[in-house]
Amino acid sequence: MMLIVLGVFVGGTAWTVLFSFTNIKIVPIFTPSEWINGFVGTANYDRLFHTDRWMECPALSHIGQADWQLQCRGALPNVVTYAVLSIILSISIGFLLAVFMDQKVRLEGMFRTIYLYPFALSFIVTGHVWAWILSPEYGLQGSIRQLGWTSFSFGWIADRQMVMYAIVIAGIWQGSGFVMALMLAGLRGIDDEIWKAAKIDGISTWRTYLQIVLPMMKPVMVTTFVIVSSGAVRIYDLVVAITDGGPGISSDVPTRYIYQNFSANLGQSLAASTCMLVAMAFILIPWIRMEFGKKG
Amino acid sequence: MGIKKFALGLALSASLFAVGAAKATDLEVTHWWTSGGEAAAVAEFAKAVNASGDKWVDGAIAGSGSVARPIIISRILGGNPMAATQLNPGKDADDLIKAGLLEDITDVATAGDWAHILRPASQLASCTVDGKVYCVPVNLHSGQWMWTNRKVYEDAGLKPPQNWNEMVAAAPALQAKGIQPLSLSQGWPVGLLVNDVVVALAGVDNFVKVYKDRDLAIAGGPEFAKVYQALDTVRKFVPADKMVPQWNEAIGLVIQGKAGANIMGDWAGGEFQVAKMVAGKDYDCLPGLGVTPVLDTGGDVFYFPKNKDPAVTAAQKKMAATLVTKEVQVAFNLKKGSLPMRADVDLSAANDCMKKGLAILDHSKAVFPGTIQMIDRDSLNQIDDLNTAFMADPTMTAAAAQAKFVDIIKKAPK
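Residue numbers (my numbering), protein chains in the order written: chain R, 6 to 301; chain L, 4 to 417.
Read the hints as simulated data drawn from the structure, not as lab findings.
Source: prediction; values computed, not measured.
Fair warning: there could be bad hints in the mix.
[As the list claims (entries may be wrong)] EDC-like, lysine to aspartate or glutamate: derived pairs with alpha carbons at most 20 Å apart: (1) L:Lys-261 with R:Glu-142; (2) L:Lys-101 with R:Glu-198; (3) L:Lys-180 with R:Asp-249; (4) L:Lys-245 with R:Glu-39; (5) L:Lys-414 with L:Asp-216.
Construct the entire structure; sequences and hints are all you get.
Have a look at this one:
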């Protein structure tokens with residue numbers, strides 16, 4: 006067991022990090038001597054952050070000039086946009102859905118199934134469906150124009166500035182039901198006595214949710230956050246299915262960059278992977294400390 | 004089970020195995036030829052290999068080369084090699100050869116006198132590393148073609164354009180009628196268009212000087228400025244929301260008369276043939292965009308990954324020899340729309356475009372190496388990324404794009 010953990014998980018990760026400092030191209034290398042021969046320091050990272058496709062920010066030296074604005078483009082800023090929006094929105098929407106389900110609605114089982122259904126679809130399927138819906142020619146825009154509203158415009162996936170938001174919509178559609186299921190389990194775990202006590206004290210329902218129930222659900226919240234955000238950081242299939250990085254490279258994401266470099270410049274690929282590992286560590290370490298730290 | 008019975012069973016199974024080995028060897032062949040015409044061409048190979056006594060096991064990978072290449076390479080690296088695989092010649096395979104993962108087929112090449120019967124020499128040369136031959140070239144593809152629908156221009160009262168500049172000049176009249184002057188699809192066709200424009204407008208010499216000799220003065224000079232200005236024109240003709248997802252859809256727009264022209268390799272000719280259009284009458288094919296009539300010499304080749312089973316190795320070599328025989332070359336290339344590797348075959352059935360291509364091929368000076376034969380895949384990917392971004396981003400100026408291009412060429416490993 007220990008061997009598997011060390012060899013497969015730690016070993017694989019360590020290899021990725023170590024060999025991101027070498028000039029390997031397409032054939033992977035494994036031995037220390039090859040590592041020493043191929044060592045290039047931080048050259049891969051240097052190139053990575055000078056690649057427009059990875060990250061392109063306005064020059065800091067121009068701060069204060071009239072047309073300067075903080076707007077970064079590229080795979081890394083894209084995934085940040087996607088992660089922040091999809092985490093916030095899918096957790097809030099999922100929570101609201103869970104609260105709705107918690108009102109002892111009729112046909113709860115049916116609603117629960119419907120909300121959870123998108124999660125049963127793979128991202129590739131979700132992506133293709135949304136690619137059609139969002140397509141300016143054939144999708145929503147086309148059909149509403151055919152109904153007579155000819156000035157209606159919804160061409161987000163062909164718009165460089167808006168395309169990431171289009172992908173966020175599809176991501177939320179897929180992920181909210183899953184968040185709801187987790188949250189509902191959390192809500193059901195709240196003791197009825199607490200509700201009765203709140204009722205007796207005359208606290209309104211929404212305040213009970215917000216100020217009493219929500220803080221009590223902290224463990225569920227944190228777990229949900231970790232699952233949703235790790236999913237958001239490694240977003241790949243959804244982008245490939247909806248836009249394949251287009252228009253141009255404006256909806257590129259790190260995983261796509263990693264994959265495309267894999268058969269041309271492994272060093273680049275590993276450097277990019279390492280950056281994503283660091284991003285994951287930022288998400289996971291606070292959680293690990295919270296979950297396992299209190300025992301010690 | 005008695006020991007005698009067991010021994011008998013063992014002997015029986017051993018003899019069965021022996022018979023099996025003497026019979027057809029399964030050869031799994033991976034490739035990315037999945038469109039109608041391509042699949043028909045591959046079937047010719049399969050037929051020939053089966054006729055030679057082995058069994059072709061088709062391992063087609065749907066999608067383009069950029070989808071299939073990583074899958075193929077990772078299978079070879081992962082120790083689960085196929086018997087033969089399509090792969091573009093050039094620096095792609097060099098690393099695999101260095102790692103000793105590909106079979107040396109020099110003996111087959113010597114026996115078949117490939118050095119003399121296959122042309123152009125550059126194609127076999129790119130299969131050759133340190134004097135040893137590692138792949139068999141099966142056809143020649145060229146990407147420098149502009150395809151125009153004559154009817155579209157005639158209906159607009161124009162003479163069908165015979166080169167790039169006439170196409171650009173005719174554009175306003177088409178746009179006034181709501182017809183796209185040029186169609187374009189996303190992904191690799193953008194890179195192909197860029198290369199074609201480079202070769203046509205900057206010229207072959209400058210193209211080779213920049214990509215092979217890394218001449219930064221030319222890359223940053225007026226010749227390449229013309230190239231990026233032309234690309235600026237293209238992105239005005241085809242804004243991001245007019246790009247179609249697949250190359251054959253872009254050709255389809257030309258066939259249907261919704262677009263005037265498209266720039267694509269000779270494989271697009273197959274689409275016109277399927278639509279029952281006649282070259283020179285319904286459509287024009289203009290090599291080198293009609294400006295500089297030249298063709299590159301990229302092509303498809305098959306590599307044979309090293310295998311542990313000697314029966315497979317023998318069958319691999321037999322297959323290599325089969326693919327370049329006269330009959331197979333004709334049957335395959337007629338279906339594929341590509342040019343055959345041998346000059347001594349009968350191509351009376353070829354269409355006008357193919358004959359134009361062969362005429363250029365005979366004047367081998369007009370033939371030049373493809374990009375992957377001059378520069379590494381990593382740098383090509385970066386150039387592709389730059390051009391893809393430039394085509395979709397109206398805020399990037401032609402001059403800025405050119406500066407970035409120079410930077411990539413400067414950093415490319417020699």
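Comparing the hints with the structure gives:
{"no.": "1", "hint": "L:Lys-261 with R:Glu-142", "in the structure": "15 Å, holds"}
{"no.": "2", "hint": "L:Lys-101 with R:Glu-198", "in the structure": "72 Å, violated"}
{"no.": "3", "hint": "L:Lys-180 with R:Asp-249", "in the structure": "32 Å, violated"}
{"no.": "4", "hint": "L:Lys-245 with R:Glu-39", "in the structure": "48 Å, violated"}
{"no.": "5", "hint": "L:Lys-414 with L:Asp-216", "in the structure": "13 Å, holds"}
Violation of the numbered hints given earlier is confined to hints 2, 3, 4; the remaining hints are satisfied by the structure.
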